[in-house]
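**Student:** Here's the letter readout for the chains.
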Amino acid sequence: MKRIIIAVILSISLLFAVTAFAEEIVFGAALSLTGKLAKEGTLVKNGYELWKEAVNKKGGIKVGGKNYTVKIIYYDDESDPNRGAKLVEKLITVDKVKLILGPYGSESVFATSAITEKYGAIMVQGGAAADKLYTRNFKNLFGIYTVATEYMDDIIELTKGKSPKSETVAIVYSNDLFSTEVAKGAKRSAEKNGLKVVFYQDYPKGTQDLSTVIVQIKGKNPDIILGCGHFQDTIVMVKQLKDYKVNPKVLGFSVGPTLPDFVNSLKGDAENIFGSAQWTMTLKYKDPVFGSNQEFVKAYKAKYKEDPNYHSAGGTAAAVIFQRAIEKAGSIDDIAKIRAALSSFNEETLYGKIKFDSTGKVTGKGMAVVQIIGGTQKTVFPDYVAETKPIYPKPQWK
Amino acid sequence: MVLLQVIINGLLLGGFYALIGIGFSLVWGVTNIINLAHGAIALLGAYLTYYLFVSIQLDPFLSIPLSFVSIFLFGYMLQRFVMNLVVKAQIFILLILTFGLEIFLVNFMTTFFSADFRSVTPSYAGESLVIGEIVIPYIRLAVFFVCVIFAIAMGLFLDKTWTGKAIKATSLDIEAAMMSGINPAKIYAITFGLGSAIAGVSGTLLTLTQAFSPSIAGGLTLRAFIVSILGGLGRIEGALLGGLILGVVETLSSYLIGESYKNAIAFGLMVLVLVLKPSGLMGRKYYAEVKH
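Chains R and D supply the protein sequences, listed in that same order.
Sequential numbering of the first sequence, starting at 1, is according to this note's numbering.
Sequential numbering of the second sequence, starting at 1001, is according to this note's numbering.
Any given hint could turn out to be false.
As the list claims (entries may be wrong) - To be clear about the criterion: a stretch of chain D counts as covered by chain R if any three or more of its residues have a C-beta under 8 Å from a C-beta of chain R, and this derived list gives those stretches: (1) 1131-1143; (2) 1188-1200; (3) 1204-1212.
As the list claims (entries may be wrong) - The calculated label-pair distances, taken between Cβ atoms and stated as ranges, are: (4) D:Ser-1123 with R:Lys-86: 51 to 57 Å; (5) D:Asp-1173 with R:Glu-107: 54 to 60 Å; (6) R:Lys-303 with D:Val-1082: 46 to 52 Å; (7) R:Lys-139 with D:Phe-1108: 48 to 54 Å; (8) D:Val-1082 with R:Glu-53: 30 to 36 Å; (9) D:Phe-1099 with R:Gly-161: 54 to 60 Å; (10) R:Phe-138 with D:Leu-1085: 57 to 63 Å; (11) D:Val-1069 with R:Asn-247: 38 to 44 Å.
If you are wondering where the hints come from, they were derived from the structure by calculation, not from laboratory data.
Computed from a prediction, not measured in an experiment: that's the story for all the values here.
The beta carbon of each residue, even a glycine, is placed where N, CA and C say it ideally should be.
Generate the whole structure from the sequences, applying the supplied hints.
**Tutor:** Take a look at the structure:
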């Protein structure tokens, strides 16, 4: 009997000791777990969860000599940005959470970041690429996706210093908002790099025929052709470029080459086509939590039995950056200090080398460039983290 | 020279539009059903072709007969056992029925074939006939000929065979046709089957030139609709002409005015035809008048 009493007292005191020791740091996230963005929302959540596990396994986030166990409160916004905004308000006012991990989707980030800004909470997001997020003079929003207008910069960058030199570029884009932004950025970047934009035209979203556009491009014989659209029109464009024997030195798309269906749909015709990606599995970046991007990929595969994509990696990376900033700030609740740490952030993570400009937009990260080589996508740019060298110029159609 | 190329491109594209329009126009003209599920039925043919190509490498052109027969049976059953029950109801009820069918088929395909975009690229894709500066892609040329052949065969079928004549008779005057011993229920089923079969074939050809997913069904129906309005309902020659006009108008307006205006101009043309000649360019009296 005595023994039992002692054991009970001991375990109770132990319990107290543990709770007294391991304090919690609480993050909040309202993302889409049901509805049309359920797939992407869940992937981002997977990213957050993987990070949480990895950090807690190491004893939590270390601030001021103390270890804090990570806890994340999730709400489902049902793919409705307005609901997301209300839930973030609840996170801040009811749950008293001021460290907000972003949702997936530009509209959701746009709506929820207005709430975090209003209440002086802070958000780090890896799930939205719209330029308009950073035009509102917000102080407390930091995003790690390269924005739409910078999507094509790195494909253009890749051609620099290569011979034979590329001098002219044709840009075609679907006339929806996102693709238009991408095309505008591509044009600006091409001109900045001394390329001559010889053709610049939009087409209706989801078009079934681009023959006229392609005949006109053929007349200009550009060195580089950039397509800013969606999967469907990208396929039509590749097929018709081959039909009309248009042979540029570089053929690149904002959407398409990174998806597995690209090679399935186009077979051999997909060869040597470039695409831009926020992130790929093979980038050789180091990471403060996982060690490296490769280690992250390994951990993700072990936990979820599938390959991570840029959505899930974006979630993990946003959380990693948040964590590093909090550690640097030396406080888990002083928003001003955490903001300062994010503003001066300059570290390599699995998502790339991350810095933020004064609007909270990531700078210098750039896009990874992939190329279809031998029927698989290979990361070919930036050079120092790439798998292999790009094939330039693109060989003629077979 | 570029202008000539653009017109050729338009004709080649128009051949495909014609084929998708023929079935739609036939069904509308004869049974008075505006089949909003037409595009979705065409996609059934596309998926059949895609899976045959992926599993046993069957060339898309060789899967045309398979598409035709299987989608014919599908359409025949559908009319015989579903549509015929309400075919005498108001046009509004029929619209709702085909609309529901469209939603069902699109979701069915999304569930079983996924929402991913598919495309078929055989080894000879991208080969072209080059005459001077003019380029004619073989695949598009072949698609064009298949479309024209189907249009001609369909026209001959309607003019020369008993069943064809019965279809025409039913479309012109259903009471008189019944008095001559024609069973309209059966004729309706055959017509809907044929309309669907041709849609299925156009779906088969679609896999070669573009990427498709269940989500494009509505866009295909819309093209069929414009073609039928332009050409005149219930007439094969009308649909053929309507398709070719639509194709050329699209590529020409894209070249002369701008790619993103081509849809606006195509629809503008449709409205113009409706105002000036509501029966369509080749529409005739008694063909597809509202029979209520």
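**Student:** Which of the numbered hints are not met once you compare them with the structure shown?
**Tutor:** 2 and 8
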